[in-house]
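Let's have the full structure, built from the sequences with the hints guiding it.
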Amino acid sequence: MEGPDLGAFSFGLDDLAEAFASLSMFPIFEIAHYILMCQAVRSDSGGLTLSRKHPLANWVCCMLMCSAGGFISSLLLGLPLIGPLSKTPNVLLASAIWYLEFYAPFDLFHKAVTFLPIKLVVLSLKEIRRAHKVPDGIATAAKVHPHGYVAHVVIACVKGAGSGFMLNFQRLVRGKWSPETNQILHPTVVLKECLISAILFTTGVLPINQDQLLLLTGIVMVIVKVTLTLTNVSDPFKPIENVLCMPIFGKVEAMAAEKKKKE
Amino acid sequence: MEGPDLGAFSFGLDDLAEAFASLSMFPIFEIAHYILMCQAVRSDSGGLTLSRKHPLANWVCCMLMCSAGGFISSLLLGLPLIGPLSKTPNVLLASAIWYLEFYAPFDLFHKAVTFLPIKLVVLSLKEIRRAHKVPDGIATAAKVHPHGYVAHVVIACVKGAGSGFMLNFQRLVRGKWSPETNQILHPTVVLKECLISAILFTTGVLPINQDQLLLLTGIVMVIVKVTLTLTNVSDPFKPIENVLCMPIFGKVEAMAAEKKKKE
Amino acid sequence: MEGPDLGAFSFGLDDLAEAFASLSMFPIFEIAHYILMCQAVRSDSGGLTLSRKHPLANWVCCMLMCSAGGFISSLLLGLPLIGPLSKTPNVLLASAIWYLEFYAPFDLFHKAVTFLPIKLVVLSLKEIRRAHKVPDGIATAAKVHPHGYVAHVVIACVKGAGSGFMLNFQRLVRGKWSPETNQILHPTVVLKECLISAILFTTGVLPINQDQLLLLTGIVMVIVKVTLTLTNVSDPFKPIENVLCMPIFGKVEAMAAEKKKKE
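Residue numbers (the working numbering), protein chains in the order written: chain A, 1266 to 1528; chain B, 1266 to 1528; chain C, 1266 to 1528.
Hints are computed from structural coordinates only; laboratory data are not their basis.
Here the structure is a predicted model, which means the values were calculated and not measured.
Among these hints, one or two may not hold up.
Intra- or inter-copy, both count: the list cannot distinguish identical chains.
Unchecked claim - DSS-like, lysine-lysine: derived pairs with alpha carbons at most 30 Å apart:
no.	residue 1	residue 2
1	Lys-1408	Lys-1441
2	Lys-1318	Lys-1352
3	Lys-1352	Lys-1376
4	Lys-1376	Lys-1503
5	Lys-1408	Lys-1384
6	Lys-1457	Lys-1408
7	Lys-1441	Lys-1318
8	Lys-1408	Lys-1376
9	Lys-1408	Lys-1318
10	Lys-1408	Lys-1503
11	Lys-1384	Lys-1318
12	Lys-1318	Lys-1503
This is how it looks when you write it as structure tokens:
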């Protein structure tokens, strides 16, 4: 009796990874992204008041969030900051989503995309887009600085979790200023995912090729997001951080105790 | 009896439009612009205290305002941000105006340029400069992104109404921070003029050529500015907006009423 | 009896100036700079709390300060903003210093480099690095705008006194926002030194060559810094400013008196 044909299975996985890597983000995945970004502006600005009183500021906020990774990575790489706005089809598509999200009759669009089953699909599509942005960011950075590995990781994080960095600036457009927090001070789960993924892509320590790593990243990101949405787990990285940070960066309590002794 | 020779008249208009389009902005129109920008810093900072206590910050504020459109459009287009400061003749001219505005004996310069007849001339020259900045901005943006039409409109607005966007940053240099307002949240009349003009230039819907459109823009801008200065009309676009915004973006009051019903 | 061979002495000075100008900043002078920048973040954030609670924000703050001149001058010159992060050896060295400064056992590193004799050496090395940054900044700016002399001076100041401009942004990363002050409003002594040095380099009014001017700048900067550290002199430029500013920019008191009269 023969064992399973592992070669064929492995070939099948390669095929899947390759197909996953060559997925086109426009328009399906971009639409999911735009929906979530417009929703983020809507919930962050506390409802529909902004959209009624300041439609221009509302549109600018949504565009900033929809192309957050593009804007910030262009700024960091010395490329035209307006680059994302120059892709006219993307801007028109994002504007259409923006209009539907805020001004659709009876708020039907918003009600539809926040209906849990649809929401989970949208969130999953968005996470797949995020996974693609990591190697995409590394490739963009490598064109400008071939050996700037730290820069590659930074750009991958910015492309993958750009909206988190843009949040404070988007608020500023709306006349709100919240300097007390930002994504560097309080890293989000998605930023940590992008950071780990970018380090794995840049260093190549895992014994799998780039397409397979991308597939793995995508699967993990979707699972994490769906889990976080359905349960009330806050941050799956917390336990690992607690174990790792203490020996590397010292303990807060230890510091406090030491200070007290001195006094 | 023959009718008037319309062909000749049309030719004369073409000539005028062409001459208007080829007007050199340096130095007359730039001087008018620099005068108004230094006045803006002076009135925004509440008089002469800044100029006496912090001459360097005062100079930086004025330079930021004088080249506001240049700085912001350079940032957006990925061009050297310092570009406007590298035009040494312009910087020296602006610095001379800055010195006259703030440090002239007996404040004679300021008194002269705020004398109403002179002020109207200065304002008109400045509006003609603004009109020229719109096609200028479109041309600059088209060099970087030939088909990014949204980007063209954005850059034209930034070039035409740049000082309004720079206001908050100029205040920051003086140690004041006013995040609660900005030109996107509360669009100024000049921003609306630039936006409409830029859309007309980009789409080309009017049956006139670019030079004629520029002349038309210039005339409208001068008339609007002079009217706003002499009368207490606040915003000539308000009535049109009130009519257009309601069907497109919904009504604030309707929203509020709907909310109350639910409660 | 012959007089001293002045030619030989002059040759020796030229040699010294040339050797000084060709000093490599990496790694010794960079290490001194990194130590002082990490110390600045540590004292500005009020001790070790930030390093224990937010290691990522702490690292980003230190990197922003270590490459402050590089980041700001890249932004102004339209070069990739991430450029300084793409020099991997420098980033790794700065990260090592950051780790030693904040997380070394028993805080030994910090205690060593704040021990006065060592501190004076570190401060002197840093000032020599600063002196080199002035002609370095002018050369970088001249590559982009050969005749933009104002821009040359600005870039030289940004490269020489960049950390002072970065201070407010570094605080923002830590969630603190201090808009009420900045280095333009309240110029530091080092900014004034860089400004004067940059003007001397750009105009070439002194009858010495560039290498000798660099040596002179370096000596003056070291002397000023050591004097300011050992004594409680606050600003050696104050008396000169008081004499020069009154006739050029008018007197604050005179203004106040004039206002009172009117009332």
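For this session: Give the relationship of Lys-1318 and Lys-1503 under a CA distance limit of 30 Å: within one copy only, between copies only, both, or neither.
Result: For Lys-1318 and Lys-1503, the Cα distance is within 30 Å only across copies (13 Å; inside one copy 41 Å).
Exercise. Taking 30 Å as the upper bound on the Cα-Cα distance, should Lys-1408 and Lys-1318 be classified as within, between, both, or neither?
Worked result: Answer is neither; intra-copy 43 Å and inter-copy 35 Å both fail.
Exercise. At most 30 Å between C-alpha atoms: does Lys-1376 with Lys-1503 qualify within a copy, between copies, both, or neither?
Worked result: Neither. Shortest intra-copy (33 Å) and inter-copy (32 Å) distances fail the 30 Å Cα cut-off.
Exercise. Between the shortest in-copy and the shortest cross-copy C-alpha distance, which are at most 30 Å for Lys-1408 and Lys-1384: within, between, both, or neither?
Worked result: neither (36 Å within a copy, 41 Å between copies)
Exercise. Given identical chains, is Lys-1441 near Lys-1318, meaning Cα to Cα at most 30 Å, within a copy, between copies, both, or neither?
Worked result: both (15 Å within a copy, 26 Å between copies)
Exercise. When no copy is named, should Lys-1408 and Lys-1441 be tagged within, between, both, or neither for a Cα gap of at most 30 Å?
Worked result: neither (36 Å within a copy, 35 Å between copies)
Exercise. Which holds for Lys-1408 with Lys-1503 at a C-alpha limit of 30 Å: within a copy, between copies, both or neither?
Worked result: Neither. Shortest intra-copy (34 Å) and inter-copy (48 Å) distances fail the 30 Å Cα cut-off.
Exercise. 30 Å Cα cut-off: does Lys-1408 pair with Lys-1376 within a copy, between copies, both or neither?
Worked result: Classified as neither; 42 Å inside a copy, 43 Å across copies.
For this session: At 30 Å max between alpha carbons, let me know whether Lys-1318 reaches Lys-1352 within a copy, between copies, both or neither.
Result: within (28 Å within a copy, 41 Å between copies)
Exercise. Taking 30 Å as the upper bound on the Cα-Cα distance, should Lys-1457 and Lys-1408 be classified as within, between, both, or neither?
Worked result: within (24 Å within a copy, 39 Å between copies)
Problem set entry | Copy assignment of Lys-1352 with Lys-1376, given that the CA separation must stay at most 30 Å | This pair counts as within: shortest intra-copy Cα distance 29 Å, inter-copy 49 Å.
For this session: Have a look at Lys-1384 and Lys-1318 and pick one of within, between, both or neither, based on CA distance no larger than 30 Å.
Result: within (28 Å within a copy, 34 Å between copies)
When held up to the earlier numbered hints, the structure conflicts with 1, 4, 5, 8, 9 and 10 and fits the remainder.
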